[in-house]
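For reference, the chains in residue letters:
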Amino acid sequence: MEVLHYFGAALGLGLIVIGAGLGIGRFAAAAAESIARQPSAADKITGAINLPLFLLEGVAILAEVFVLLIVLMK
Amino acid sequence: MKSGVAAVEIVEKSGEFNATELIIGHVSNTSVDHPIIHLPHFFGVDLSVTKHVLMLWIVAVSVFGIITFFTRRYLRQDEPIPTGFMNAVEAVVTYIRDSIVLPNVGKKFVSTWTPLVLTFFFFILTSNAIGLIPMFDFLGVLDRFVLHTSSHSLVNQILHGGTTATANYNVTAALAVITFLAIIIAGTKAHGFFQHWKNLAPSGLAWPLYIILIPIEIMGMLVKPFALTMRLAANMTGGHIAILAILSFVFIFESLFESAAAGMAVGFFVSVPLAVGISALEIIVVLVQAYVFTLLTAVFIGMAINVHH
Chain A
1 MEVLHYFGAA
11 LGLGLIVIGA
21 GLGIGRFAAA
31 AAESIARQPS
41 AADKITGAIN
51 LPLFLLEGVA
61 ILAEVFVLLI
71 VLMK
Chain B
1 MKSGVAAVEI
11 VEKSGEFNAT
21 ELIIGHVSNT
31 SVDHPIIHLP
41 HFFGVDLSVT
51 KHVLMLWIVA
61 VSVFGIITFF
71 TRRYLRQDEP
81 IPTGFMNAVE
91 AVVTYIRDSI
101 VLPNVGKKFV
111 STWTPLVLTF
121 FFFILTSNAI
131 GLIPMFDFLG
141 VLDRFVLHTS
151 SHSLVNQILH
161 GGTTATANYN
171 VTAALAVITF
181 LAIIIAGTKA
191 HGFFQHWKNL
201 APSGLAWPLY
211 IILIPIEIMG
221 MLVKPFALTM
231 RLAANMTGGH
241 IAILAILSFV
251 FIFESLFESA
261 AAGMAVGFFV
271 SVPLAVGISA
281 LEIIVVLVQA
291 YVFTLLTAVF
301 IGMAINVHH
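Chains as they are written, first to last, in my numbering: chain A, 1 to 74; chain B, 1 to 309.
Next comes chain A alone, as it looks inside the complex (with noise of 0.2 Å):
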């Protein structure tokens, strides 16, 4: 019982990368589509994109920290 947390933690941290890398993914593949329809609006739509992008690393990244204090707390 005394290494199920590290468990947890191991399984919490495959989730997160599961989660992160189909958000991150369903992100480059809807970019790289609409540029390919409109390569004149390459511009906007790199902006647009961004932001969205960078709230979504860092729910990932706050994910890993907490899993990073399972770890480390006990």
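Incorrect hints may have been included.
[Claimed, not checked] Quick look at which bits of chain B chain A covers, simulated, 3 or more residues with Cβ under 8 Å:
{"id": "1", "stretch": "54-68"}
{"id": "2", "stretch": "295-302"}
[Unchecked claim] The list that follows gives simulated cross-link-like pairs (lysine to aspartate or glutamate, DMTMM-like), each with its CA atoms no further than 25 Å apart:
{"id": "3", "chain 1": "A", "residue 1": "Lys44", "chain 2": "B", "residue 2": "Glu90"}
{"id": "4", "chain 1": "B", "residue 1": "Lys189", "chain 2": "B", "residue 2": "Asp143"}
{"id": "5", "chain 1": "B", "residue 1": "Lys189", "chain 2": "B", "residue 2": "Asp98"}
{"id": "6", "chain 1": "B", "residue 1": "Lys108", "chain 2": "A", "residue 2": "Glu57"}
{"id": "7", "chain 1": "B", "residue 1": "Lys108", "chain 2": "B", "residue 2": "Asp98"}
{"id": "8", "chain 1": "A", "residue 1": "Lys44", "chain 2": "A", "residue 2": "Glu57"}
{"id": "9", "chain 1": "B", "residue 1": "Lys198", "chain 2": "B", "residue 2": "Glu217"}
{"id": "10", "chain 1": "B", "residue 1": "Lys107", "chain 2": "B", "residue 2": "Glu90"}
{"id": "11", "chain 1": "A", "residue 1": "Lys44", "chain 2": "A", "residue 2": "Glu33"}
{"id": "12", "chain 1": "B", "residue 1": "Lys107", "chain 2": "A", "residue 2": "Asp43"}
{"id": "13", "chain 1": "B", "residue 1": "Lys224", "chain 2": "A", "residue 2": "Glu57"}
{"id": "14", "chain 1": "B", "residue 1": "Lys108", "chain 2": "B", "residue 2": "Glu90"}
{"id": "15", "chain 1": "B", "residue 1": "Lys224", "chain 2": "B", "residue 2": "Asp98"}
{"id": "16", "chain 1": "A", "residue 1": "Lys44", "chain 2": "B", "residue 2": "Asp98"}
The hints are simulated quantities; they were obtained by calculation from the structure and are not laboratory data. Every value quoted in this text rests on a predicted model; they were computed, and no experiment measured them. In this text, a Cβ means the ideal position worked out from N, Cα and C, and glycines have one as well.
Once you've looked at the hints, dock chain B against the given chain A.
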């Protein structure tokens, strides 16, 4: 990274390699009981210089000195054409003004908020980037082989520096508090004090909705700076932890097989190539995180000025 010096010290001290101790020791701040420079208490606050404070001072002095020197020299010129380093500064300044602040804050308040956002950008970029430069490790090698100072001398104390100041949550929290106050001041300047607080929730809804909406909006107001704090600090810490963990493989394998050859082989074929790759990724992260902090500050200030409800 100063993993080499620190690892040697730890192995010399305890005779055994402990990866967790090494990583935590590198990433966390110096203990307040053994600061680099002792300073007296001031109104109950310990002002002693720890390694993050040292890095903070180095960053503040270098940014202030370099930017002021080149800007003054540029202003003294007869013709307004920037040369050399000023070219780079001007490119960054115009980029931030025209594509970060202007679209978010709007034409009316650009010149009010560009200085703040620019200060954020230069400070965060420099302090992120300085953490990647192993300047104190060079001093450490010099000290070990040439100078031979005692373990309590100033040179030996400074060797514990060389970390990223923005990897400390207290530093980023202070930056985020400035953003938080800037949001309130921006809203107050644009709409007046009471109208700014009224703007937090949209008007003209049925009254039961406000019971849910007002707490959510207040929470959102506080979560914004909290997320800024965590994002910057965790990103800067994460890279260091990853690099140190990968470099620790050398010592872990060395003690696992009890032969230096195993450690060197792992270091040569796995650790060093991976660490180089992650260091390259870190260069991108350094730039992106400085950009993100300034962008989000501009966006939040813009949200307080141009209310969309």
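Results of checking the hints against the structure:
Coverage of the stretch 54-68 of chain B by chain A is violated [criterion: at least 3 residues with CB-CB distance below 8 Å; count 0]. Only when three residues or more bring their CB closer than 8 Å to a CB of chain A does the claim for the stretch 295-302 of chain B stand; here the count is 3, and the claim holds. A C-alpha spacing of about 23 Å is found between lysine 44(A) and glutamate 90(B), which places the hinted pair at or below 25 Å, so the restraint holds. Of the pairs offered as hints, the one joining lysine 189(B) and aspartate 143(B) is violated, with about 54 Å between alpha carbons and a cut-off of 25 Å exceeded.
Proposed proximity of lysine 189(B) and aspartate 98(B) is supported: the alpha carbons are some 22 Å apart, at most 25 Å. Of the supplied pair hints, the one linking lysine 108(B) and glutamate 57(A) is violated, its CA atoms being roughly 31 Å apart against a limit of 25 Å. Only pairs whose Cα atoms come within 25 Å are accepted, and lysine 108(B) paired with aspartate 98(B) is accepted, the gap being roughly 13 Å. For the hint linking lysine 44(A) to glutamate 57(A), the alpha-carbon distance of about 20 Å falls within 25 Å, and the restraint holds.
A threshold of 25 Å between alpha carbons decides the hint, and for lysine 198(B) with glutamate 217(B) the separation of about 11 Å falls inside it, so the pair holds. Between lysine 107(B) and glutamate 90(B) the CA atoms are separated by roughly 20 Å; this keeps the pair inside 25 Å, and the hint holds. The straight-line distance between the Cα atoms of lysine 44(A) and glutamate 33(A) is roughly 14 Å, inside the 25 Å bound, and the hint therefore holds. A threshold of 25 Å between alpha carbons decides the hint, and for lysine 107(B) with aspartate 43(A) the separation of about 20 Å falls inside it, so the pair holds.
Distance hint between lysine 224(B) and glutamate 57(A) is fulfilled; the C-alpha atoms sit about 14 Å from each other, no more than 25 Å. Between lysine 108(B) and glutamate 90(B) the alpha-carbon distance is near 22 Å, which keeps this suggested pair within the 25 Å criterion. Annotation: proposed proximity of lysine 224(B) to aspartate 98(B) holds, straight-line Cα distance about 24 Å (limit 25 Å). About 14 Å separates the Cα atoms of lysine 44(A) and aspartate 98(B), which keeps this hinted pair within 25 Å; it holds.
The structure is inconsistent with the numbered hints 1, 4, 6, although it conforms to all the rest.
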